[in-house]
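Under our numbering, the very last position in the sequence shown is 264; numbers go up by exactly one each time.
Treat the hints with care, since some could be wrong.
Said to hold, decoys possible - The calculated lysine to aspartate or glutamate pairs, modelled on DMTMM-like cross-linking and capped at a C-alpha distance of 25 Å, are:
id, residue 1, residue 2
1, K157, E227
2, K100, D43
3, K165, E111
These aren't lab readings, by the way, just hints derived from the structure by calculation.
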Amino acid sequence: MFYFDAHNHLCHSFYPSFSSPVDYSCISSFCTEDEWRDFPYHDRKNILKSFGLHPQMLACADFSAEDFENGMEVLGRLLKNNEIFAVGEIGFDFFTEEFKKTEKIQTEFFERQLDLAAAFGKPIVVHCRKAMDRIFSFSKSLSSLPAVVFHSFPGGKNDASSLLKKGVNAFFSFGKHQLMNGKRLSVEMLSTHSDFPGRILFETDCPYQTLKGESETSAAEIALVYEKAREICGFDSEKIAMAAFSNLLDSCGFDFGAIPKGNS
């Protein structure tokens, strides 16, 4: 079985172990220099790394303007040294009134990080909550990127179709909180997965996106996500994700053969 976790935070979690041999790869995101420096799995080539200033950071009292600029310097250095696969997660979060108050600075840092991704020809990983209209306002810029991975995609099939029609090389990822809570838009997208060949991905967002009563999500739960997706779409979820994974890497000129498989 092959598992690709399109979005997680292994810097805050543990590398997954499975009871049987398994092929595994992921895109794992970092938000700060400390997370990057202390990461214990830098030697694993099957971990495709991304770095970006998360929109929620911009509303956090613990982070200052100096911290944000330092984060941009780190991002620039990682891009220059070709140490990351993607920029992200970046985007917009207007889920709470506190977050909405930071719309101006969220927009500034999204634009700056988007410009860097374009300059270095990198895909981005997008975080979007209650902000699809803002994402659409950047369609032209997004269409210039090799690929755009929508982590925990909040839209439906009409939104997905519109992004593709605007020339955005979009990939739509879904996690356990969406699939196991029966969220309508997620089920709709998976039920019509044949409308989006090679564009559906799955994720854990570990250690986050927990279900009721849980303290955290583990990276190994990607297996549960794949199983639930198979139940919803009535098709082999591995084939769906593998097609999208291959298309994503092809779009970015990345050689899949260069990624070791398995846990060794």
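**Request:** Please work out if K165 and E111 have their alpha carbons no farther apart than 25 Å.
**Result:** 22 Å, holds
**Message:** Need the status of pair K100, D43: alpha-carbon distance at most 25 Å?
**Reply:** Status violated; Cα separation ~38 Å.
**Prompt:** Quick one, are K157 and E227 close enough, alpha carbons at most 25 Å?
**Reply:** Roughly 21 Å separates the two Cα atoms, so the pair holds.
Hint compliance for this structure: hint 2 alone is broken.
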